[in-house]
Each structure stands twice: as structure tokens, then as C-alpha cells.
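Reassemble the complex: the two chains are provided individually, in unrelated frames, and hints are given to aid placement.
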Amino acid sequence: MSDTFSYLLMAWSDPQLLMLTALGTFAGIYIGAIPGLSVTMAVSILVSFTFSWDVNDALALIVGIFIGGVYGGSRSAILLNIPGAPSSVATAFDGYPLAQQGEAGRAIGLSTVMSVVGGIVGTIMLASAAPLIGDLALRFAPRDYFLVATIGLLLVGSLSEGSLAKGIFAAALGAIIGLVGMDPVTAEGRFTLGQVELMGGIHYVVLMIGLFGVAEAFYQLHNLDSPVIRQKVDKILPSFAMVLKFLPLSIRTSIIGVVVGVLPGVGGDIAALMAYDHAKRTVKNPSKPFGKGAYEGLVAPETANSAAVGGAYVPMLTLGMPGDAVTAVIIGALVVHGLNPGPMLMVENPHIFYFTVGNLLLANVFLMIFGLMGIKLFAKFVEMPKAVLIPLILVLCVVGTYSINSSMTEVYWMLGFGVLGYLLKIFGFQMGPIILGAILGPLMDTSYRQAMSSAGDHPGELLQGLVTSPLSLILTSAVVLILLGNTPLLKKLKSKFSPASARG
Amino acid sequence: MNKTDKMLVGERTFCALLLVFSLVIFYLAYQISGFSSANSPGAFPIGVALVMILSAVKIAFELLGKARPDCSGWLDAFQQFRRQHFPKAVLIFGLLAVTYLAAIQWVSFYVSTFLFLVLSIVYLRNGRVLNAILIAAVLLVLIYLLFSLAFSVYLP
Numbered sequence: 021m022s023d024t025f026s027y028l029l030m031a032w033s034d035p036q037l038l039m040l041t042a043l044g045t046f047a048g049i050y051i052g053a054i055p056g057l058s059v060t061m062a063v064s065i066l067v068s069f070t071f072s073w074d075v076n077d078a079l080a081l082i083v084g085i086f087i088g089g090v091y092g093g094s095r096s097a098i099l100l101n102i103p104g105a106p107s108s109v110a111t112a113f114d115g116y117p118l119a120q121q122g123e124a125g126r127a128i129g130l131s132t133v134m135s136v137v138g139g140i141v142g143t144i145m146l147a148s149a150a151p152l153i154g155d156l157a158l159r160f161a162p163r164d165y166f167l168v169a170t171i172g173l174l175l176v177g178s179l180s181e182g183s184l185a186k187g188i189f190a191a192a193l194g195a196i197i198g199l200v201g202m203d204p205v206t207a208e209g210r211f212t213l214g215q216v217e218l219m220g221g222i223h224y225v226v227l228m229i230g231l232f233g234v235a236e237a238f239y240q241l242h243n244l245d246s247p248v249i250r251q252k253v254d255k256i257l258p259s260f261a262m263v264l265k266f267l268p269l270s271i272r273t274s275i276i277g278v279v280v281g282v283l284p285g286v287g288g289d290i291a292a293l294m295a296y297d298h299a300k301r302t303v304k305n306p307s308k309p310f311g312k313g314a315y316e317g318l319v320a321p322e323t324a325n326s327a328a329v330g331g332a333y334v335p336m337l338t339l340g341m342p343g344d345a346v347t348a349v350i351i352g353a354l355v356v357h358g359l360n361p362g363p364m365l366m367v368e369n370p371h372i373f374y375f376t377v378g379n380l381l382l383a384n385v386f387l388m389i390f391g392l393m394g395i396k397l398f399a400k401f402v403e404m405p406k407a408v409l410i411p412l413i414l415v416l417c418v419v420g421t422y423s424i425n426s427s428m429t430e431v432y433w434m435l436g437f438g439v440l441g442y443l444l445k446i447f448g449f450q451m452g453p454i455i456l457g458a459i460l461g462p463l464m465d466t467s468y469r470q471a472m473s474s475a476g477d478h479p480g481e482l483l484q485g486l487v488t489s490p491l492s493l494i495l496t497s498a499v500v501l502i503l504l505g506n507t508p509l510l511k512k513l514k515s516k517f518s519p520a521s522a523r524g
Numbered sequence: 124m125n126k127t128d129k130m131l132v133g134e135r136t137f138c139a140l141l142l143v144f145s146l147v148i149f150y151l152a153y154q155i156s157g158f159s160s161a162n163s164p165g166a167f168p169i170g171v172a173l174v175m176i177l178s179a180v181k182i183a184f185e186l187l188g189k190a191r192p193d194c195s196g197w198l199d200a201f202q203q204f205r206r207q208h209f210p211k212a213v214l215i216f217g218l219l220a221v222t223y224l225a226a227i228q229w230v231s232f233y234v235s236t237f238l239f240l241v242l243s244i245v246y247l248r249n250g251r252v253l254n255a256i257l258i259a260a261v262l263l264v265l266i267y268l269l270f271s272l273a274f275s276v277y278l279p
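Residue numbers (the numbering used here), protein chains in the order written: chain A, 21 to 524; chain B, 124 to 279.
Rather than coming from a laboratory, the hints here were simulated on the basis of the structure.
Every value quoted in this text rests on a predicted model; they were computed, and no experiment measured them.
Check each hint, because a few of them may be wrong.
To be verified - Chain A side only, calculated, beta carbon under 8 Å to chain B, not exhaustive:
#1 K186
#2 A192
#3 L193
#4 A195
#5 L199
#6 D203
#7 F238
#8 L241
#9 L244
#10 A407
#11 L412
#12 Y422
#13 S426
#14 E430
#15 M472
Stated by the list, open to error - Anything over 12 Å on all C-beta distances counts as not near chain B; from chain A, calculated:
#16 P35
#17 F46
#18 S148
#19 R272
#20 E368
#21 L397
#22 L414
#23 V418
#24 D465
#25 D477
#26 L491
#27 I494
C-beta: ideal position from N, C-alpha, C; glycine also.
Same shape as in the complex, but just chain B (with noise of 0.2 Å):
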């Protein structure tokens, strides 16, 4: 309960998002079926959901005692709020992620992993590209000993 604790850029924003998640959550946990009696399918859920709502709604009392953080406008803090949290190494590795899954189903499981760890290996470590070809290659044999011959996975 420090009062000089700052509150991180975004987080009122968050918070109010938990509140809006909470409510949707409590009318999903209505609409199973609504308040018929204290033993209905939907009885627990409605529970449930009132507790995130109240939890939800002490996490925003919480932050009132915060200083706000130092920015200017919702396009300053969602900038801040950017490089903070979603720094290029981040944004690049999701995206690459995101790839490499859809990938898998076009064009194997092998193929996608030993592009996918190529790619990273060598963004995040600035180059060296035929170094990122042979650790990848090592772990895909691994991978193979490992899941398919040793513990017999299913892969994708």
C-alpha cells in the first residue's frame, strides 16, 4: 500500500479491460441458465464471475492510491507501453511464432521447425547464419531420437 508506487503505463486501461471481461463472463454465466435454482449448471459459474467482477473491481480501487505514470495522452502511453512491453525482439519472435504454427500444416513439422529455429536463432543473435543451420540441425536430430524414436509422439 505504497503510496509513491507509480502505476505502470496501461494498467488503469488493463484494469478497466478485467472489469469488461468480468461482466461479459457474468452474462455468459447467465445465459447457461440464468437464476433458475442454487443447483443449476449455471449456479457455480455465476459465482464464479461475481468474485472476478469484485476482484476486479478492489485491483482498480488499488491503483487509485498509485501516482500516475509519466506520460501525455493515450498515444504517448500506448507508445510507452509498446517499447516497454513489446520491444522489436518481442513483436519479431511472436510474429515468427505465429508463422512457424501456421506453417506446420503446410509444409511439415521437420521443415517449419528447422526454418523456425534457423530464423530466430539468427535474429536474435544478430547473424552468424551458418552456426544457427547447424545448432538447429543438432536439435532437430535430438528432437527426432528424442520424441519419435525414444518416447514414440505423435508429431504434427
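Okay, chain A solo, but in the shape it has when bound (with noise of 0.2 Å):
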């Protein structure tokens, strides 16, 4: 017990890691704030400086830019109606409209309030959820990690934007990519095109720098000149009374956010959309109508995507899978620090976990602080012309994919998965399954492997094991669930047994 207290505390009591969490936390808001720059391209291009470091330095500056990115994008959102990052697209709903009432202050105030809420809520929630999943997560058997990562696949696909196809199609070529290079059990190389630079595989972060860096960049050129808005910010702290009022919505909405978050592969941006959805379908007399500046619309959005981080901690801790985009990199830092994801790591090196519930904890302190401060000077930065941006992320995307491997083959590997991801981008597809497949492509092969070693290489026998075992026949039902809501099957169905279901 006295462990898992200094484990809490240790970011809290150690000088070196309390300067790095608050520097993270600091470099977060204003990373997520500048239109373009996204907190997952923050993260992955951060991540490759920091493995020569000590793992407790890196998870602390990575914990502080996870927290200030997700809130930052709020304050572009709010002063420029131009979201930081996905995550805030819902916060610009109301926060513009207050901003443009003269209200902007009040608005980053009760925003930056609501956020440190919602993160601790998420806090909590991962400090409670995440040992009981660990313990649940040692009894999975190979094929539920598979019904698992499929689950989170699957999930990505329907709920980003766009059709499931696309989304499907994204997920299979991210698999792809994850599975290029010698296969783990009998060293055959595969998708390698006979080069041997392949045979070693390619490396997510390269992938991800290249999609969410250069992909991005590029996409960002299309709009040069959109003008900037100079806004007046004062009265910023809210009343004591503003945040009572509002703390039942916002407990409510931390919860789905952690719950979003706690599912593999979803992420900030769809909670906050829910909550925001969520908000407006229970919230009878809004301080003003939703869409016209309403605090209500902006309590929402701001709380479950800070809760969401604790959310997306969980799978990731418990089963070494992310559940978004960031902790997807932050699983590379771990294993490149030697240690393992997955339901061993809470057994094996538990003070990994405690640490990050205490350090997500001090980055929420740190983010009240800066949340409040240098809003001034923050309305200076946002205006950092796009024509200085978007070469220094081309130089920073450089310099990150190098800094992985020394190797110049990977950089150029970068460019292209930019250019890749710019075509597919143009045609509605969506980055982030594309990165979660490369991830959980992998971990597919492996598991599924296992299971069907373990099923005495009969398919049969695999297929009744999916049904006969009570967790798995839960995991399979949720995978046909997901499915068949996206065909119009279910619908047939409903409307075939609608008179049926009008009794129950």
C-alpha cells in the first residue's frame, strides 16, 4: 500500500519530473492550440526525442502534452472558431458565439475549469476501472484479444466520419502496413518486395509522423489565407456559483467521455461530439439556446475530452491497446523502454500505472495554472502565420522520423506515407484507423495465431470456442452487434419485428 503511495507521488516529490510534466502541460496548450498542429503530431514527433531518456521523464512530458494538447485546442476553438484539434471541433459550436459576444474570457475560464474536471473525473475512473479490467484481462484467452483489437477496429470504422468502408478499408491497410517484415514466429519476410531494409519492418511512429505531420501539412496549404480575428479577453476566472451549476452536466458528460475513451481506438473527438449531443438532448433551459453561445454547449464537449484521456489509458494499460491515437504512440515509448503493455505490466511493473494516475493528476494541476495564464500572449501566438508553420513541421517531421533509427530510407518512407495519406485524405478517408490497424494488425497475427495453435490448427474447433466460452461469446456478440448496425439488415429486421418489440 505505502508503494502504490510513492508510486502516486513520485511525479509529484521529484523536482526533475515536476518540471517536466509542467513544461509538457505547458507546450501542450499551445501546441493544440495552433490550428494544425495536433496533439497526435505532437506526441509522435516527441516521442522519438525522448527515448534515450529514463521512461518516468518521457511518460511525464508525454502525460503534460496528452493533457494541455486536448484542452488547448478549446482556445482556438473559442478566439478563432478554427478547432486546435479534433477533439475541441465541438467546442467551437458555443464557445465562438460567446467569443463573439464579447465574452471570450469567461468562455477560456469556465472551459479550462471544466476541462481539469473532466480529467480528474477520468483519473478517478482509470485509478478504479483499470485493475479491475487488468484482473479480467489475465483470463483472456488469445482469441478474445482478437475479438478485442477487432472490436476497436471495427469501432473506428463506424464511428469516425464517412462510411465504414472506408473506414474498414483504412484499418486493413494500416494491418498491412504493421505486418510488413519478418513474420515473428517462423522469421519468413512478409510484404518486404524482396528489399532487405524491409525485413526489419517499418515503423508505426514513421507512419504516423508521415500521416498526421506531412499529410497534414499539406492539406493545411489549401488554406493560406484564411484571415485571423483579434479578439479582447478579460474576466476570466468563473464564479464559484457558475461552476456548481454546471457540475451535475458535467460529471454526466465525464462519464461518457471516459467510457468513449475506455473503447479501443475512439478517442477525444467523438466523445466530445456525444457529450455535446448528450448535453443538448438533456439540458432543457440552457443559459442561452445551443449553437448561440451556451455554456451548457461548452461544458460538455470540454469535460469528456479531458475525460477521455483517463478513458483511453485503460486498454492501454490493461491490455496494451491503445485507445486512441496517442496512447498508440505511447505504447511505442513503453516498448521501447523495454517494457510491455498488456496485462502483465500492472503485475510486472505496477508503479508504471500509479505513476501515470499520479501524473495525470499533477498535469491537471499544472493545467488549471496555465489555463488561466498568458491568455494574452496566447492570442499573439495562434496568429503564427501558416506560410512559417508549415515548413517547420516539414523540418520537425524530418527530424523526428531520423532521430528513430539515424536512417534516411525512413524519412524518405515518411514523405511518401505523407503523400499517401494526402490522397486518401482528399478522398474521405480517415487517418487514425489506418495507424490503429498498423498497431493492432500485428497483435491480430499473434493472437490469432495463438488461438488457432490452441485450437490444434482446426478452424472448427477455434469458431465453437468463440461461442462456448461465456467472455468470448460476449466479445463475438458484440462484434456481430457492430456488424449487423451497420448493414441495413438490422433494419430490415427492425421493421420486421417492430410489433414484436412494441410490447417490451
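Shown next, in the form of C-alpha cells:
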């Protein structure tokens, strides 16, 4: 027990960790706030620089950037009507109208406090739920891993914008990229096209920097001269009564945030939209109509996207599966540091879990401090012209990619993935499923083959296992339900059985 | 499923390319170990390739419901596509980026980065050369301080 406490307080008591968390949170707010720089981009570029660090130092910085970055997007959403990050798209719906009414200061203050509320609820739920899920995960058979990963990929496909087919295609493409290299069992080359360089596989941080950095930079070239609007900011701190008034809503939306965050592959952006939708449906008398500056419309997405951070850590720390794109990068960082995210992490390295929980709380404290400060300086900072920002992003992508393995070949690959990502983006494909596919693909391959081996190479026996074990049955039903929910079949069934269902 | 949705220019071609690409992936997956057993190195890749083919077909079917884009002939479609998605800024910046990556190994990281930053900032803002040189120099110093000194990262 005392060990647990010392791990929890580790980040609070070590000056260096304290400083790195503060630095991360501060930098995260500003990175997240600059339209065009996303948290995922920042974390994926930065993580490659921390490979030579001590693992705690690296995690402290990343947690700070994660927490700060998710919040930071709200500032530019409120001030400029340009969400700094995908997770703050919903924040702009009511945040910008508030700014137009001269209430930008109060809106930023409220969103800061509410982000902290969401962040703390998320962390508490992480601390209480993860050990339980971790225990359950120890009983997972390989086929259950396979099913959970499938659910994750299907959810990303179905919940992200656009068509399910596009989402699934992107995820499968990612899986193929992830499978490139030597087969872990027989050391046979897969998809290497006879190239020796490809035998080692494609590092997914390279893929990620290409998709989120380069592709995004090229995409931003289309709106080089979007006009800059200047804002006056004052009266920042919200009154206690105001915070108290929104507390019930914020708790509800935080829970939505955590639950959405827990689902493998779905992150703060979807959590925020769902929470906004929830607020719109449940709040009867909003302070102003929704879409015209309702504080409720600001509270809901801001609590949810911050709470989703804690949620996203749950599958990562317990199953070794990323809860969203950022935790996917963090998994990479843990592996580089010789740790093995998955059910054994809590047993072998319990300090990582409690350290992360303590660290998340600390980052939220810093968020409160930095979030209420320096808004004037900030207004200047977000006005950084895109003409400077875009070339700088490319240089950072090069530096970030090169630092992974000191290989120029990987830098060329990164640019190639950037162009591929740009093309896919044009035709409405999402980048998230590709990354998750690249991470979950190899994991699914391994668990599939373990499952097949334990079924004695009889596919029939494996299929039987899917429905006879209670845990597998639940997961299999989830897969089937998600698939059905996305086909016209469900609608047909509903219309056919509607008289029957009306009774229940 | 809005029937009045319009196809993007080049979407059909892209869709066909996706399908071809998926078939190539399937072929490559088949090459790994054929259909030898359900537990071979190639089994899961074949499954993934099948998923790609099926979803590419589904994407193609989704296109059927959409109206065709207004363009006459392939050449016009190509030109529209280029104008919409590869305007001059994207092409020139892309060219600068490729040259930059190629130049890193010839003329060292700092020199090529400086030149790349100056040229692209000047191009993207249509001028103000002195200002761009100043900005590039400041950024380069920051990169040096942050990455070489603080993070001690190997630069290309």
C-alpha cells in the first residue's frame, strides 16, 4: 500500500518530473491551440526524441503534452472559431458565439475549469477501473484479444466520419503496413518485396509522422490565407456558483468521455461530439440557446474530451491496446523502454500504472494554472502565419523521423506516407484507423495464430471456442452486433419485428 | 446515402486503383505461404487482404448512388483534379520538400534546412526575403538549442 502511494506521489515529489510535467502541459496547451498542429502530431514527433531518456521522464513529458494538448484546442476554437484539434470541434459550436458576444475570457476560464473537472474524473475512473479490467484481462485467451482488437477496429470504422467501408479499408491497409517485415514465428519475410531494409518492418511512428504531420501540412496549404480575427480577453475566472451550477452536467459528460475513451481506437473527438449531443438533448433550459453561446455547450465537450484521456489509458495499460492515436504512440514509447504494455504490466511494473495516475492528476493541476494564465500572449501565438508553420512542421517531421533509427530511408518513407495520406484524405479516408490498424494488425496476427495453435489448427474448433467460452461469447456478440448495426439488415429486421418489439 | 451527393473528380479512378491495390496485396499475401494451413504466416495477411478487397468493392458500390462530376472526358477530369487537390502551392511545396530531403545528405542538415525554410516561407508569403531569412535563422537556432542541446538527438 505504501508502495502504491509512493508511486502515486512520484511525479509530485521529484523536481525533475515536476518540471517535465509542467513543461509538457504548458507546451501541450500551445501546440494544441495552433490550428494545424495536433496533439497526436506533437506526441508522435516528440516521442522519438525521448527514446534515450529515463522512462519516467519520457512519460511525464508525454502525459503533460497529452493533457495540455487536448485542452489547448479549445482556446483557438473559442477565439478564432478554428478548432486547434479534432477534439475541440464541438467546443467551437458554442465557444465562438460566446467570443463574438465579448465573453471569450469567461468562456476560456470556464472551459479550463471544466477540462480539469473532466480530467480528474477520468483519472479517478482510470485508477478504479483499470485494476479490475486488468484482472479480467489476465483471463483473456488469445482469441479474446483478437476479438477485442476487431471490436476496436470496427468501432473506429463505424464511429469516425464517412463510410464504414472506408474506415475498414483504412484499418486493413494499416494492418498490412504493420505486418511488413519478418514473421515473428518463422522469420519469413512478409510484404518485403525482396528489400532487405523492409525485413525489420516499418516503424509505425514513421507512418504516423507521415500521416499526421506531412499529410496534414500539405492539406493546410489549401487554406493559407484564412483571415485572422483579433479578440479582447478579460474576466477569466468563472464564479464558484457558475461551476457548481454546471457540476451535475459535467459529471455526466465526464462519464461519457471516459466510456468512449476506454473503447479501443475511439478518442476525445468522438467523446466530445457525443457529450455535446447529450447536453443538447438533456438540458432543457440552457443559459442561451445551443449554438448561440450556451455555456452548457462548452462544458459538455470540454469535460468529455479531457475525461477521455483517462479512459484511453485503460485499454492501453491493461490490454496493451491503444485507446486512441496518442496512447498508440505511448505504447511505442513503453516498448522502446523495454516495458511490455498488456495485462502483465500491472503485475510486473505496477509503478508505471500508479505513476501515470499520479502524473495525470499533476498535469491537471498544471492545466488549471497555465490554463488561466497568459491568454493575451496566447492570442499573439495562435496568429503565427501558416506560411511559417507549414515548412516548420515538415522540418520537425524530418528531425523526428530521423531520430528514431538515424535512417534517411525512413525519412523518405515518411514523406511517401505523407503523400499517400494526403491522397486518402482527399477522398474522405480517416488517418486514425490506419495507425490503429498498423498497431493492432500485428497484435491480431499473433493472437490469431496463438488461438489457432491452441485449437490444434482446426478452424472449426476455434469457431466453437468463440461461442462456448462466456467471455468470448460476449465479445463475439459485440462484433456481430456492430457489424449488423452498420448494415441495412438491422433496419429490415427492425421493421419486420417492430410489432413484437413494441410490446417490450 | 444521399442520392444527390456528387462524386469527387477522380473518385472512380481512385476507387479502381484501391481495388487493384487490394488485389496486388492479396497476391503478395498469397505468395507468403499460399493456402497451406490455417496457421501459416500468410493466413492472417490473406484474411486482411480479403477484407481490403471486400471494402474496396463496397466503396465502389457506394459510388454508384452518386451523381457524376461535371467534366467532359479524361483530360478535363484530370485537369480539374489537379486544380482542386494539387494547386500550385501544393506542387511547389512538394517539390521543395523532395529537394530538401535529397539535399540533406549532400549539403548537411543545417544548410539544407535553412535554405528550405527561407525558400518555402518566401514562396508561401510571396516575398519579404529579408524577413524570411531572419525567421529561418531564428527557427534554426531554436532547433539547434532544443534538439541538439536539450534533447541530444542525432540530426541527419
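Do the hints match the structure? See the list:
A least Cβ separation of about 6 Å between K186/A and chain B falls short of the 8 Å threshold, and the interface hint therefore holds. Because the smallest distance between the Cβ of A192/A and any Cβ of chain B comes to about 4 Å, under 8 Å, the interface hint for this residue holds. Given hint, L193/A at the interface with chain B, holds; its Cβ is 7 Å from that chain's nearest Cβ, closer than 8 Å. Using the Cβ-Cβ criterion of 8 Å, the hint placing A195/A at the interface with chain B is satisfied: the shortest such distance is roughly 5 Å.
Among the interface hints, the one on L199/A holds; its C-beta lies about 6 Å from the nearest C-beta in chain B, closer than the 8 Å criterion. Taking 8 Å as the C-beta cut-off, the interface hint given for D203/A holds, the closest approach to chain B being about 4 Å. For F238/A, the interface hint holds, since its Cβ comes within 8 Å of a Cβ in chain B; the closest pair sits about 6 Å apart. The interface hint given for L241/A is met, as the beta carbon of that residue sits about 5 Å from the closest beta carbon of chain B, less than 8 Å.
Contact between L244/A and chain B, as hinted, is supported at the beta carbon level, the nearest pair being about 6 Å apart and thus within 8 Å. Residue-level restraint check for A407/A holds (minimum Cβ-Cβ distance to chain B is 4 Å; threshold 8 Å). Nearest Cβ of chain B to the Cβ of L412/A: about 6 Å, under the 8 Å cut. The hint holds. With its C-beta approaching chain B no nearer than about 5 Å, Y422/A sits inside the 8 Å limit, and its interface hint holds.
Because the smallest distance between the Cβ of S426/A and any Cβ of chain B comes to about 5 Å, under 8 Å, the interface hint for this residue holds. For the restraint placing E430/A at the interface with chain B, the shortest Cβ-Cβ distance is roughly 11 Å, beyond the 8 Å limit, so the hint is violated. The closest approach between the C-beta of M472/A and any C-beta of chain B is roughly 4 Å, which is under the 8 Å cut-off, so the hint is satisfied. The Cβ of P35/A lies farther than 12 Å from every Cβ of chain B, with a closest approach of about 17 Å, so its non-interface assignment holds.
A cut-off of 12 Å between C-beta atoms confirms that F46/A is not in contact with chain B; the least separation is 14 Å. Against chain B, the non-interface label of S148/A holds: every CB pair exceeds 12 Å, the least being about 36 Å. Distance to chain B confirms R272/A as a non-interface residue, since its nearest Cβ pair spans about 32 Å, more than 12 Å. For E368/A, the requirement that its beta carbon stay farther than 12 Å from each beta carbon of chain B is met, with the minimum near 28 Å.
In this structure L397/A is separated from chain B by more than 12 Å, as the shortest Cβ-Cβ distance comes to about 17 Å. Not every C-beta of chain B lies more than 12 Å from that of L414/A, the closest at about 6 Å, which undercuts listing it as non-interface. Distance to chain B contradicts V418/A as a non-interface residue, since its nearest Cβ pair spans about 7 Å, not more than 12 Å. The Cβ of D465/A does not lie farther than 12 Å from every Cβ of chain B; its closest approach is about 4 Å, which violates its non-interface assignment.
Residue placement check: D477/A does not keep its beta carbon more than 12 Å from all beta carbons of chain B (closest about 5 Å). Against chain B, the non-interface label of L491/A holds: every CB pair exceeds 12 Å, the least being about 22 Å. In this structure I494/A is separated from chain B by more than 12 Å, as the shortest Cβ-Cβ distance comes to about 23 Å.
Against the hints set out earlier in the document, violations occur for numbers 14, 22, 23, 24, 25.
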